[in-house]
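Whenever a hint applies, use it, and build me the whole structure from the sequences.
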Amino acid sequence: MRVGGRPLELTRIVSLGFTALAAAAFLGMLALFAAGSAPLWRQPGAAGFFGIRWFFRVHQFGFLPMIYGTLAVSAVALAVAAPLGIGTAFFTAEVLPRRARLAVKAGVELLAGIPSVVYGLLGVLLLRDFVVRLIARWEPLSGDTLLTGGLLLAVMILPTVMTLADDALSGVPAGQRLAARALGLTRAETALRVATRQAFPGLVSAVLLGLGRALGETIAVFLVIGRQDNQWPQRLLAFEPLTTAGQTLTTKLGGSETFISYGDPVHWGALMGLALVLFAVVAAVSLAGARLTTWRGRRA
Amino acid sequence: MLDALSTEALAPEPAEPILETRGLTVAAGRRTLLRSIGLRIEPGRVLGILGASGVGKTTLLRCLNRLTDLTPQLAVSGEVLLHGRPIHGRDVDADALRARIGMLFQQPVVFPGSIADNVMFGVRHTGRLPRRAWPERIERALREAALWEEVRHRLREPAASLSAGQQQRLCLARTLAGEPEVLLLDEPTSALDAGSTAAIEELILRLRERHAIVLVTHGLRQARRVADSLVYLAPRDGAGEVVESGPCQDLFTRPRSPELARYLSREPA
Amino acid sequence: MRRGLDRVFVFLAGACAAAVCALLLGIAGAIVWRGLAVLDWRFVTRLAAGSGGSGGVFYEILGTLILVAAALLVSAPLATGVALTEAVYLDSRPRAGRWLLSALYAANSIPSVLLGIAGLIVFSRWLGWGKSWLAGGILLGLMILPTVSVALIERLRSLPRKYVEAATGLGLSRSQVVRSVLLRQSLSGLVSGLLLGLARAAGETAPILFAAAVFSGAGLPAGIRDSPVVALPYHIFVLAQDSLDPAVQDHLWGAAAVLLGLVFALSLLALPVRLRIHEEAKHA
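Chains as they are written, first to last, in my numbering: chain A, 1 to 300; chain B, 301 to 569; chain C, 570 to 853.
Quick caveat, the hints were computed from the structure, so don't treat them as lab data. A portion of the hints provided could be inaccurate.
[Said to hold, decoys possible] No more than 20 Å apart at the CA atoms, straight line, and that leaves these computed lysine to any residue pairs for SDA-like: (1) A/K105 - C/L581; (2) A/K105 - C/A587; (3) C/K731 - C/L752; (4) C/K731 - C/R748; (5) A/K105 - C/A588; (6) C/K731 - C/G697.
[What the hints assert, rightly or not] Quick look at which bits of chain B chain A covers, simulated, 3 or more residues with Cβ under 8 Å: (7) 367-376; (8) 395-401; (9) 408-416; (10) 468-478.
C-beta: ideal position from N, C-alpha, C; glycine also.
What follows is the structure, given as structure tokens:
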């Protein structure tokens, strides 16, 4: 919007000022975490960063169980939501007529608007019992497990993955589909060879953005995961650890330790370290996802 | 020279049509788009479909290879017969049908990938050609589309690097690679410059020997140069109908319907 | 064989879609069925009773509305400033504009719990506010800033050039063009972005967890320091952690239904605005 003007006008100054203010707020947050975590790095026991034990009263701060928890829960969520979401997107973009597609998209958008605490409530009241029955073979202590958290997250990120995947597939020009069908390719062949090939970056981006959301979710996971420290699995890539309670970066940060640790610099430093790790991981995944797709805010 | 070719005397009896329609009617909801269309497409001939914009020429063409199936709002009734057998019907494989009938669109549609990839795009899925036979098929198709000499050394290069005229010939090669019996051409030169247009028109005359061709065109000059017989569509009671049909020369010199006469007088001859 | 594959493809894709639809209907059904059983006028207007697990949610609704209003007042001017910066003042520097958009995007993906912790540090401790409704409003306003900004930016960018040209031709200064033409015409974008953002803000728990909300003992806040509110999301969050009592469960469904009603009402309000923008874009 080219509008010529002088540099010193009020509206411009105010706008730039507000932008600077907003930028300062967000960057300030980052600085807060970095500064707050300093005591931890200075501590000789900081090697405990990569440790697997968290006993804050004796200043033992191992991050790994929480990192494992975050990754495990997100992996479960992706394993369920990615195929389901992309499969649904194939159906809406390639098979459904226009009106039905819009109806499904509207419904999915409604799902996306449900607050995480309500998802958490659904997890507590409905999902936990279901999971206990599901994994009865492993004799779980309760329905509060990493698996429950992962499944709940899967439902929460499903709308994101599905909508973005559908957008990516629908963005393939209609002329290409028509030409492929005219050559005699079946619907499936057109969808898989022509559409997927072009939409591939968009599909990857959909999964990455869903992952970003899963990594950062706190409240819903908090309610169903058991919040048990020091759950370090004996075998990392097995299913069995998922049937016990656990802790993620977000559930630790959202818990009571954040309140009580403020007075103790090292304890606080450890929590700030967790916050930095969370921030870095989510930022990396989200930026990767954003690069693969043009920036699309919630459409006005 | 081109005029002489198109005014060749016709055979005394009409040949057995490859493709035929009887009473073909297309409706979208309550609106009728095309009414009671009857066509005969004969081997070795170019049938031109003429008419003003919007009368339904493209829709008509798409009925012939059931591409109209992709638009659920369109209701197609009447008969379309390929070698005397109806192409609609539950037991007919529409995808196999489309592999036997080739189509060219107004805008050249080129898939991402190399020139060779594009030529084989249809056949690799629909045909049962073993890989080692591909290079030979590619060369044959490109020769038939008069593109071989220009691209023979660049087969691995991206197809998008070709000019518009070359891309349209590539699309033609892609269609020809499947060895179709019928070619449906939907205003194939409307997006091209004069030189490319002339090249494609010459191609059509050559292809006529081995394929039956249906050409939608709204240029009288092109029809005159290339078509053997013509069908003129005009709206009557809100739907497109065949108002006149017959050998090209007859329609141009002795139009019988007022609509065609008006159309001829308005278009540059 | 190829026909078979085609059928398998459609079947699998359809199965996914059916599963997703079943999920959607199941969730909606569960909430509507269980929640509406509890929901009535008294639920909405009575105060919480017992240890918060029975009675109504009057102050919780009020608290949520206060937070939403505060978030509105914070994010509207900031988002307008950011949007104008991107669409107008940085127009001559496309690289800076892209940086801004990337930054907005990054800010949008920050986990909300981190915002809550930052609020704990800055408002609760440094400023000594303890728990304050204003802190909650500011944090929520910051959280939805990217959403609102982008909605407004898209609207600004889609305005036809002719209005700016006509106004400039009449001799208006840039400030005046921005205020009288750009902002006035893009108001619908701001409104719809705000409604969508506030719908999200109304349901968020993590930002208000540390610095704004309490479970009980708060009504209408008086002042800024030590003036927390009770809010629906936090109310549900705390109660859900001890939910073995079936009566409490009923109460929870009701509270969830109210919260959802609020969130969806805000989203639905945005719908006519979004439709109008869509129509205008088609006829432009």
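- Hint by hint, work out which the structure violates, then give me just those numbers in ascending order. 6
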